[in-house]
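Kindly produce the complete structure, drawing on both the sequences and the hints.
Residue numbering for the sequence shown follows this note's numbering, starting at 1 and increasing by one per position.
Because the hints were derived from the structure by calculation, they are not lab data.
Check each hint, because a few of them may be wrong.
Here are the computed distance ranges between Cβ atoms for each label pair [to be verified]:
1) Pro106 <-> Glu135: 15 to 25 Å
2) Asp19 <-> Asp108: 23 to 33 Å
3) Thr115 <-> Gly31: 15 to 25 Å
4) Gly140 <-> Asp19: 15 to 25 Å
5) Asp19 <-> Arg69: 17 to 27 Å
6) Val171 <-> Ala65: 28 to 38 Å
7) Ala169 <-> Gly124: 15 to 25 Å
We treat Cβ as the ideally placed atom computed from N, Cα and C, and that holds for glycine.
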Amino acid sequence: MWDARYGEPGYAYGTEPNDWLAAQVNEIPAGRVLSLADGEGRNGVFLATRGYDVTSVDSSPVGLAKAERLAASRNVRITTVVADLAQFEIAAGAWQGIVSIFVHLPRDLRRAVYTAAVQGLAPGGVFILEAYRPEQLRHGTGGPRSAALLPTLAELRAELDGLEFLHAAEVERSLHEGTHHDGLSAVVQIAARKPR
1 MWDARYGEPG YAYGTEPNDW LAAQVNEIPA GRVLSLADGE GRNGVFLATR
51 GYDVTSVDSS PVGLAKAERL AASRNVRITT VVADLAQFEI AAGAWQGIVS
101 IFVHLPRDLR RAVYTAAVQG LAPGGVFILE AYRPEQLRHG TGGPRSAALL
151 PTLAELRAEL DGLEFLHAAE VERSLHEGTH HDGLSAVVQI AARKPR
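Pasting the structure below:
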């Protein structure tokens, strides 16, 4: 599905970063940042333009090829890794930042990935997330059509145990990110830090 979506003309979610990430980016210490399920690279490339050493991981080689082209057009470099998050190993203590923007995984896999992300952050490292939550099904303006893939804040707090939450909220806001995230949306937003 993702190769087909990313194979369409243009960029499915636009070329500008998610605005929650853009608002929180200064919380991330200088260094290495891992962007999970980075697709066509809008968020990873943005982070690279801010001076971070970015690794973008995604299961779609089509999406990551577009990410590399976007990076080149902005005169930055990112490292791309084609991998399913079920198999991707997040190295412990290796990252100053880990970013999860609209990554919707089955509950057990999400728990495993976010547990690994907590371990993957270096002391002082920051985790930034925005995702649709179950109430999004009422809006139909983007995201999965299965509540099982939509986390609640309570679930995410448990899955990110070990981090200090700088911001954690369930909000409704208007999104305009390409053709697939457009309109009033029910989201959960998190910025959290690994204790030093």
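Each hint tested on the structure:
1. Pro106 <-> Glu135: 15 to 25 Å: holds, 19 Å
2. Asp19 <-> Asp108: 23 to 33 Å: holds, 30 Å
3. Thr115 <-> Gly31: 15 to 25 Å: holds, 22 Å
4. Gly140 <-> Asp19: 15 to 25 Å: Given a distance of about 21 Å, which is inside 15 to 25 Å, the answer is holds.
5. Asp19 <-> Arg69: 17 to 27 Å: At roughly 23 Å between Cβ atoms, Arg69 and Asp19 fall inside 17 to 27 Å, so the hint holds.
6. Val171 <-> Ala65: 28 to 38 Å: holds, 34 Å
7. Ala169 <-> Gly124: 15 to 25 Å: holds, 23 Å
Checked against the numbered hints listed earlier, the structure breaks none of them; every hint is satisfied.
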